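Student: The primary structure of each chain is shown beneath.
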Amino acid sequence: MEMCHAHVGKPDDGHTGRSRMKQKKEVKQGTLALMVLKTLDVLGPLRGYGIARRIEQISRDLLFVNQGTLYPVLLRLEQEGAVASAWGSSANNRRARFYRLTRAGHKLLETEKRDWEQTAAIIERFFEVKAEDLG
Amino acid sequence: MRALRRLCARFFNFTANRRGDERLREEMKEHLTLQTEEYIRAGMSPQEAHRQAYLKFGAVEAVREDIHAEEGLPWIESVLQDCRYAFRGLRKSSGFTITAVLTLALGIGGNVTVFLVLYGVLLKPLPFPKSQQLVRIERSYSGGITVPAYSGTKALFFRQASHAFSAMTAYDFIPSHTNLVKGDGAVPISVLRVTSDFFRVFDMEPAMGRGFRPEDMRPGAPAVVVLSDALWRHQFGGASKNQQFAQRYFPNENPIGQHILIGKFMGPGFEDPVREIVGVVANVKQTGLDQPAPGIMYLPAAQIPDLETRMMNGLLGESWVVRTQSAHLDVLPAIRRIFMENAHAPLLSVEPMNEVISASVAQQRFSMILLCGFGLISLVLGAAGLYGVMSYNVARQTREFGVRMALGARREDMAGMVLKDAGVLVGIGLAIGIAASLLGAKIIGSLLFGVKPRDPVTLAAASVLLLLTGLFAAWWPARRAARVEPMEALRNE
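Same order as they appear, the protein sequences are chains A and B. Numbers 341 to 475, taken from the working numbering, label the letters of the first sequence in order. Numbers 43 to 535, taken from the working numbering, label the letters of the second sequence in order.
To be clear, the hints were calculated from the coordinates, so they are not data collected in a lab. In this text, all values refer to a predicted model and were calculated from it rather than measured experimentally. Heads up, the beta-carbon is just placed ideally off N, CA and C, and yes, glycines get one too. Any given hint might turn out to be false.
[As the list claims (entries may be wrong)] Examples of chain B residues lying across from chain A (beta carbon under 10 Å, computed):
| # | residue |
| --- | --- |
| 1 | Arg48 |
| 2 | Leu49 |
| 3 | Asn55 |
| 4 | Gly62 |
| 5 | Met70 |
| 6 | His73 |
| 7 | Gln77 |
| 8 | Leu97 |
| 9 | Val102 |
| 10 | Ile109 |
| 11 | Glu112 |
| 12 | Glu527 |
Work out the full structure, taking the sequences as your base and the hints as a guide.
Tutor: Structure follows, in structure tokens:
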């Protein structure tokens with residue numbers, strides 16, 4: 341993941357604090373992007389609000405501190421060509437921006453998913469290992 | 043690939059100055075409305091629902107900042123902003139700025155010019171491959187010319203006699219003239235009479251056809267000729283850029299196997315047999331590095347074409363060039379001895395080809411060294427001027443630095459500000475200086491060989507060097523700015 345500009349416009353709290361903050365956010369952004377892709381994959385075109393709600397429901401409100409953080413992630417995915425967006429009208433006839441997964445997005449989701457599963461499997465194996473297994 | 047795509051999108055947004063502010067505002071509004079409605083449905087009062095929705099969304103301004111950071115190229119934007127600021131600051135002390143920019147431009151102009159010249163004269167490879175292996179031997183005219191210096195057997199002997207040679211050739215160092223018959227008339231043409239190994243010694247691979255062979259040197263061998271590329275293009279209309287000027291001698295473009303006639307109309311005794319073109323070779327600057335390569339025709343020395351050559355035959359071989367197997371100068375005495383024993387004439391000189399070549403540009407090199415000196419002086423002057431302006435600016439801005447630091451700016455930021463100021467100055471100076479030097483190089487280009495007035499690599503190298511010099515000159519003032527003590531600076535007021 342590319343470096344993000346989390347520190348822009350915030351008071352400088354020294355180097356260690358800044359880098360820790362950045363790290364935390366980076367991890368979250370990567371995971372969040374994966375969740376957005378998967379959500380769009382399963383449910384088809386959605387508004388930003390719809391995506392946020394769905395992720396909240398599935399993660400049982402554990403994930404989002406602020407719903408607003410979703411929008412930079414969406415912009416980024418759009419710049420990368422993984423999602424596309426267009427104006428449409430919602431059920432109650434209001435103008436709304438709908439996001440959908442592109443072909444490149446599908447591919448990205450597949451690779452990210454594989455990577456994620458691989459990492460998870462490796463970590464799991466490490467947790468399951470006991471001292472006697474190694475002896 | 044994805045990163046590239048993203049960079050493109052960001053670059054586009056940056057250049058088009060496109061910001062999705064409107065879109066974002068609309069999206070956020072929609073989001074908040076939906077969230078509020080949902081809370082109301084869940085039983086909250088409209089006011090409370092509104093409040094909770096905003097809380098849940100988080101700081102709208104922070105999100106907007108984040109979006110903006112992702113959207114364009116914020117770091118370039120901030121650099122541009124700093125430059126604009128520096129520009130305004132420099133305008134305040136315009137007298138100093140103009141002086142500094144002019145000295146810099148002078149330094150830059152002088153240096154770019156010198157760089158261009160240096161590239162042309164020093165960095166460019168010499169025209170012959172492995173020219174350090176070539177040694178030129180010149181025979182003096184004054185010795186009796188009763189014994190022909192060239193004969194096939196003698197050349198063979200020379201080669202066998204010395205293991206130091208890998209090839210040797212004799213040729214007229216200065217081309218003679220004849221004419222080329224074209225239709226009813228004739229055009230003057232330069233001719234070089236050479237021995238069979240000529241192209242091998244100078245490592246001139248024929249571009250078409252072949253070079254000369256030992257068989258061509260035997261008396262009675264079929265009359266042949268090799269053309270230089272320039273001659274072929276100009277006189278025979280080979281694939282040339284200025285087709286309309288090329289008088290087409292042969293309708294088809296392959297000259298190999300065609301026949302030509304030279305020496306006609308020059309009086310009795312100059313008749314030459316019809317010759318077959320057997321090869322085309324690359325151009326060589328025969329008459330000195332500072333002269334353009336002439337179109338030239340190579341004839342086998344043994345095939346005496348005309349009376350002039352027959353008269354001159356005793357002198358043929360006034361120039362010999364051998365290709366040695368090593369580049370060491372200790373072969374020179376050996377070569378001298380072998381030639382003394384066999385040439386039956388005093389030798390004028392035995393010198394490495396590189397020296398011959400550099401002698402042909404000696405005068406130009408002197409003016410180049412002079413120019414280098416001027417260039418260096420102007421560079422130093424420019425750097426001193428920049429140092430002066432930056433020092434003055436730092437002294438003037440001491441209070442500003444103090445305020446900024448008191449408000450929490452870091453010392454690195456202060457040094458950075460000064461360096462950016464200097465960068466702007468150097469940038470303006472570069473623009474003026476390069477424009478001036480392109481003009482200058484055009485004028486100098488006519489005095490020097492191989493100077494391309496618009497060589498991009500040279501221009502880039504010179505610019506980088508000057509930028510570094512500029513930043514070096516601004517380094518001390520920048521350090522001084524970083525050392526400003528906020529308390530002292532403010533107390534001075």
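Student: I'd like to know which numbered hints this structure contradicts. Please list them from smallest to largest.
Tutor: Hint check: 12 fails alone, others pass.
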